[in-house]
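These protein sequence lines map, in sequence, to chains W and L.
One point on numbering: in our numbering, the residue at position 239 of the first sequence is 239, and numbering is uninterrupted.
To convert a position in the second sequence, counted from 1, into our numbering, add 1000.
To be clear, the hints were calculated from the coordinates, so they are not data collected in a lab.
There could be a bad hint or two in this list.
[What the hints assert, rightly or not] Keeping only pairs whose Cα atoms sit at most 30 Å apart, straight-line, the calculated DSSO-like set for lysine-lysine is: (1) W:K128 <-> L:K1112; (2) W:K128 <-> L:K1029; (3) L:K1112 <-> W:K2; (4) L:K1186 <-> W:K102; (5) L:K1029 <-> L:K1186; (6) L:K1112 <-> W:K102; (7) W:K249 <-> W:K347; (8) L:K1112 <-> L:K1029.
[To be verified] Between beta-carbon pairs, the in silico distance windows are: (9) L:T1267 <-> W:G45: 18 to 24 Å; (10) W:A112 <-> L:L1156: 42 to 48 Å; (11) L:V1018 <-> W:A112: 28 to 34 Å; (12) L:V1248 <-> W:A107: 40 to 46 Å; (13) W:G45 <-> L:H1187: 32 to 38 Å; (14) L:H1187 <-> W:G20: 43 to 49 Å; (15) L:S1107 <-> W:A304: 57 to 63 Å; (16) W:E105 <-> L:S1097: 31 to 37 Å; (17) W:G118 <-> L:S1107: 30 to 36 Å.
Bear in mind the structure is a predicted one, so any value in this text is a computation, not a measurement.
All C-beta atoms in this analysis are idealised placements derived from N, C-alpha and C, irrespective of residue type, glycine included.
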Amino acid sequence: MKHAISARGLTKIFQSGPGGAFTALDGLTFDVEPGQAVGIIGRNGAGKSTLLKILARILAPTSGRVELRGRVGSLLEVGTGFHSDLSGRENIFLSAALLGMKDAEIARRYDAIVDFSGVGDFLETPVKHYSSGMYMRLAFAVAAHLDPEILLVDEVLAVGDLEFQKKCMQRLDTLGQNGQTVLFVSHNIPAVARVCRRGLLIDRGRLVLDGPVPEVCAAYLQQGAVHPGHREWPDGASAPGDQVVRLRKVRVRGPGGETAASIHIGQPFDIEVDYEVRVGGVALFPAIRIFNEWGTEIIWSTDATAPDHGKPRPPGMYHSVVRIPANMLGEGTLSVAVTVASLHPKKVHVNELDCIQFQATEVFDGSTARGQYTGYVGSVIRPKLEWTVTFRPA
Amino acid sequence: MLTIIQSARQPVPLAAVVREYTAYGSLLKHLTLRDLRLRYRHASLGLLWVIVQPVVSMIVFALVFSRVLRPATGDVPYSLYALAGLVPWSFFASSLSRACMVFVANSGLLTKVYFPRAILPASAVLGSALDLAVGCGLVCLYAVGSGFWPSWRWMLLPAVAAQAVVTTFFIALGLATLNAIQRDVKHAMQFVIQLWMYASPVVYPSSLVPGPYRWLFGLNPLTSVLDGFRWCLFGTPPDWPLYAASVVSMAALAAGAVRLFFHFERTLAERV
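The task is simple: from the sequences and hints, build the whole structure.
Pasting the structure below:
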């Protein structure tokens, strides 16, 4: 079968003033099969957006060649071509034409676009009078109905309110399932992981890793300035904390005992916290807090089940292991914070946010709460609840 | 559908270019409509403004020129003669001054979405074509009012107007490209347009210029447009060799503009 996207030696050098040049892409070569959804992952400035702009034909490569089979549509920036003085209806036609739709196609999809946008009552109003939410919805509605065979998506999900983002995600899910080829650039790794099975990790314009998304996400976290899975403070004097207690180590431990930057939500895993009590006699409450990428605190947990819980602690090194059961978390990039507090005196001794990060991924093997369902699930926790179903034939 | 993306230095086959532009016909239409809506929606006099410019110029030139230079315009009253030149001229001048900015002004589009780039200057010129049509109507009314009855040549007026639009488009395409490369073009435009007006038979007949220098009009693509208008309206026969030379100049200029544009088309997004 012919590839939907076939890039060979794609290189882009930006000339910045006399003598200065910046290599944004450096000999990128990859193929994408028709119907495949591929996530492009990498740090800022890695060349992700340049790649998408070349595929969208906004920029021309310095050298190399790409073959695209099928109509290309891009969601590089929703609302491109919108003019504030034009009405909603006029903007639909203009924006759709900019995205490459012909009049007949726009007319055919017009009702669906208006429906999806939910601004049907204000179509004759200039969009400058729209709320930003209405504006975004209308803009995305046009782009979402382009119906291309190859779809390029860049960070569209970073805009709009949560409800709107959810709508976008659902739309992207259906795009992937309708046999479209999708190339998806985002910093929102859970979103990439949900839409895509395959990931390309790009660093300094080069392809570093091409593989399944969980693996690529883990490698991405590894290369960043973040602390995937493990962090240690070898010097007790400068470690987070005060004269009473200092945090020394935080680690995610996978089922095999290994340090894990990525875990599967269908399996239990541990979070280890090591801390040093320097002044004895204080009843300490060490706690972990887990945050998702929106900054929502999903879990707070202290050592309530430990034998010396709530008792004054003698000085020394403490090693706590917290078991996170299977089917507890949703997918996402999760961040672990550690606090150590006491009630007498009422004081927070350690409050270290963002100690470590890890990737919670899901393997679609039917073992998790979603069972056989492969569509979008937005809940931040994912308990596998007991369902009792009774059936009465019609 | 196969799309091949290559370095900007690689030539694109003509068939692919033609296919691209035909596929984006709707965009040309909607950009032109946007242009018209934005210009006239909030002006209560709307299209009336289109005729104010040439009429005011006509009055000024009629007062000044007809007294000082007394150009020989035959049996055509000077004010009518001048208006027949000023209508196509003000279309040309206003299209050019807007179209030369078109790539820079629409950088938000160029850097975010692909479309065949020449559609931008084309829509700017087409948006002004409505002004030209209204202006032509005005000249016709004035001509009838001055006792010139429509002849068969008036039927050719749309063809001459189309020639004006096409000529303006190619010049606009070249200038918009130049302006994207060097912003100085925008500033130079102001006086270039002014000089160009006096170098063209807009408010005087080319016969006013002494014979040895008259060939210079042949280098000016606008000579054939302006003389064409007057030939259609008043039956004033153009200097045919000059007319032909002017058409050839126009073709040469168009070829140069197209070459320049295609040379820079794929790097425009980096230059605006």
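Okay, the hints, checked on the actual structure:
1. Using a Cα cut-off of 30 Å, the hinted pair K128 of chain W and K1112 of chain L holds, with the two alpha carbons roughly 21 Å apart.
2. A threshold of 30 Å between alpha carbons decides the hint, and for K128 of chain W with K1029 of chain L the separation of about 23 Å falls inside it, so the pair holds.
3. In summary, the hint linking K1112 of chain L to K2 of chain W is supported, as the alpha carbons are separated by about 28 Å, within the 30 Å threshold.
4. Annotation: proposed proximity of K1186 of chain L to K102 of chain W is violated, straight-line Cα distance about 33 Å (limit 30 Å).
5. Taken as a hint, the K1029 of chain L and K1186 of chain L pair is honoured in the structure, with Cα atoms around 26 Å apart against an allowance of 30 Å.
6. For the proposed pair K1112 of chain L and K102 of chain W, the alpha carbon gap of about 19 Å is at most 30 Å, so the pair holds.
7. Distance check on the hinted pair: K249 of chain W and K347 of chain W sit about 21 Å apart at the alpha-carbon level, within 30 Å; holds.
8. Pair hint K1112 of chain L plus K1029 of chain L holds up; C-alpha atoms about 20 Å apart against a cutoff of 30 Å.
9. In this structure, T1267 of chain L and G45 of chain W meet the distance hint of 18 to 24 Å, their C-beta atoms being roughly 21 Å apart.
10. Our hint of 42 to 48 Å for A112 of chain W and L1156 of chain L holds, since their Cβ atoms are close to 47 Å apart.
11. Separated by about 31 Å at the C-beta atoms, V1018 of chain L and A112 of chain W satisfy the suggested range of 28 to 34 Å.
12. Take V1248 of chain L and A107 of chain W: their Cβ atoms lie about 44 Å apart, and the range 40 to 46 Å holds.
13. Taking 32 to 38 Å as the suggested C-beta distance range, the pair G45 of chain W and H1187 of chain L conforms, at roughly 35 Å.
14. At about 27 Å, the CB distance of H1187 of chain L to G20 of chain W disagrees with the hint of 43 to 49 Å.
15. The hinted window of 57 to 63 Å between S1107 of chain L and A304 of chain W holds, with their beta carbons roughly 60 Å apart.
16. Range check, E105 of chain W to S1097 of chain L: Cβ separation about 35 Å, and the 31 to 37 Å hint holds.
17. Checked against the hint of 30 to 36 Å, the C-beta distance between G118 of chain W and S1107 of chain L comes to roughly 31 Å, which is consistent with it.
Consistency note: the structure conflicts with the earlier hints numbered 4, 14.
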